[in-house]
Amino acid sequence: MINLIRAEWFKLTRRPLAWVLLAVFLALLVLLLMTEFLVVGLDDGLFSGGARAQLLSAEQVRQFRLHLGFPGIFGAVLGHVNGVGGICAIALAAGVIGSEYGWGTLRIHLARQPHRGRYLIAKIIGLLLALLAGILLALLAGILLALLFGSLLPGTGGATPSVLALPLGVLRSLYVLLPYVLCTVACSILGRSVVAGALGGFLFLAVDAGLGALSFLAGLGGPVGFLLNLIVQPNINTLIVLNSQSFGLDPAALTRTMDLTTLPSPLQAALVIGVYSALFFASAYRLLLRRDIGGAA
Amino acid sequence: MDAAIHTEGLTKRFGTRTAVDQLDLHVLPGCVFGFLGPNGSGKTTTIGMLLGLIRPSAGRAIVLGHDIAHEPEQALAGVGAMIEAPAFYPYLSGRDNLRVLALAGGLAAARVEAALDVVELADRAGDKFRFYSQGMRQRLGIAAALLAGPQLIMLDEPTNGLDPAGQREIRELIRMLARSGRTIFVSSHLLHEAEQMCDEVAILKQGRVVTVGTVADLLRRGRGLLVRVVGDVAAAAGLLRGVAWAGSVDQRGDTLLVDAPTEHAAEITSLLAAHAISVAEIRPHERHLEDFFLEVTRAEPPDKMTR
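In order, the protein sequences belong to chains E and F. Per this note's numbering, the first sequence starts with residue 1, numbered consecutively. Per this note's numbering, the second sequence starts with residue 1, numbered consecutively.
Each hint can be trusted.
The calculated SDA-like cross-link candidates involving lysine to any residue, where the alpha carbons are at most 25 Å apart (straight line), are:
1) F:128 x E:10
2) F:128 x E:110
3) F:128 x E:5
4) F:128 x E:3
5) F:128 x E:105
6) F:128 x F:92
7) F:128 x E:104
8) F:128 x E:193
9) F:128 x E:23
10) F:128 x E:22
Sample of chain E residues facing chain F (criterion: CB under 10 Å; computed from the structure):
11) 2
12) 3
13) 4
14) 14
15) 99
16) 104
17) 113
18) 115
19) 119
20) 122
21) 290
If you're looking for bench data, these hints aren't it; they were derived computationally from the structure. Glycine residues also receive a C-beta, built at the ideal position from the N, C-alpha and C atoms.
Work the whole structure out from these sequences, hints included.
Here is the structure:
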């Protein structure tokens, strides 16, 4: 298994797609933080000789200011991971699994490593390791930007979080990506292609996020609210909010319609995300095990 | 002696279409076995089943003494294979593609260089796979098959898409590998290639084996003398059918194909001359595997011969 994971890592670190996605992801992170810096700077009159331009409410500006310093930058970066990062993760997962069919390389591997389950697990672990590396690089970029912004803006610092807040936050972010990644893996195997994987992953993301946003903004309660809380998105929101709060941020301050009391409990969130991930994994595993492996597309 | 490959009633159906039908094969260790058949005859599907990539609908396959369905890891531990076109990661170099396979198999890095040397690709091993010519791709495919030092090498159409020089290179490479004592199972639809490389062949038609035997045996069948006569051809055929040393006599226009040793040429001439039939030409009938292949793959229904 370790050998298979090493081989996956070797391929991933040399794959242009992985680097392109990382570059896009980091560029968008920098753009997001620069925009927040601009808003806070305008509010402080930093660019206009003291003349202040208030674009957002005081509380929203305060949240942005926290994003630009320690430890709030960690919350901002992890929020970005679970937003734009999810799209990048789906694209990477579709590429990693689907192209093995497209190039015909799957049969080369399976003719040598006939234990298909082990092969699939190694591929998923390799993928998750690549995502973890991406998160760590994003945190590093965030640290550098926070040092820069801290030297330019006053009051960016927040309360010191617990020692475990960062590792737990990283794990939560990775866990949030898991159902999307595994859905994409299953769809890539089902359709034996990159396109099928990407289509399935993005469709799931769009439908799930759409329904989640709808229920969240509508503040639905009762049986409908309960049912909607069984889809992935509200449960993911719980973990994202937890991540923000552990770095002293208040996500409700940025979205006036957000009612955090309608979100599922952290335990339910962990369970629901786990169940969806397990179902997608089982589908992918079963499909790979049972189907014949043909040639290149 | 244990067979390198042994199949019993191996069958694969895709819906209502039977791609491989009741295939019985017995490939002895150390031989170059040609698996021949027209395109679409079921060669690649059979190799897929032998490698555990395609699940048989019926029958079983034993590879290196292990049932591929129940002990795939043990069966494939000693197998190297190239299936259809060589498939590699286009963004990696030839060397890195082999490194991926070596890493996955827990093999030493030195094996990569050794395999590249065998196929004479070391000089271009740093180039990206997507820039490789067809010949280089085929050689990289063979290098990948050799990587783990297999006892049994399965090559599916190894000279496909190559120019004559490239085909020759690959044939020489296969002969060189055969000299090292490995069993080589090579599928092809190119008959002259099989005739030059293989010790034994099986000919497949519409998923069924129509004949199996050594190349020498198959070529011996139908060898004889071609006699072109002037005059009554039917009478000449009747005369020759009456002699003890002649086997079958086939009439093809004004020519007779006589199943008889070449030393009887003078007797044939004398016999026909005695009955006022002139012989315009008499010569040995040389047969190539291609002639035999075309005969058995065109014949309907398949004439299932045994060794």
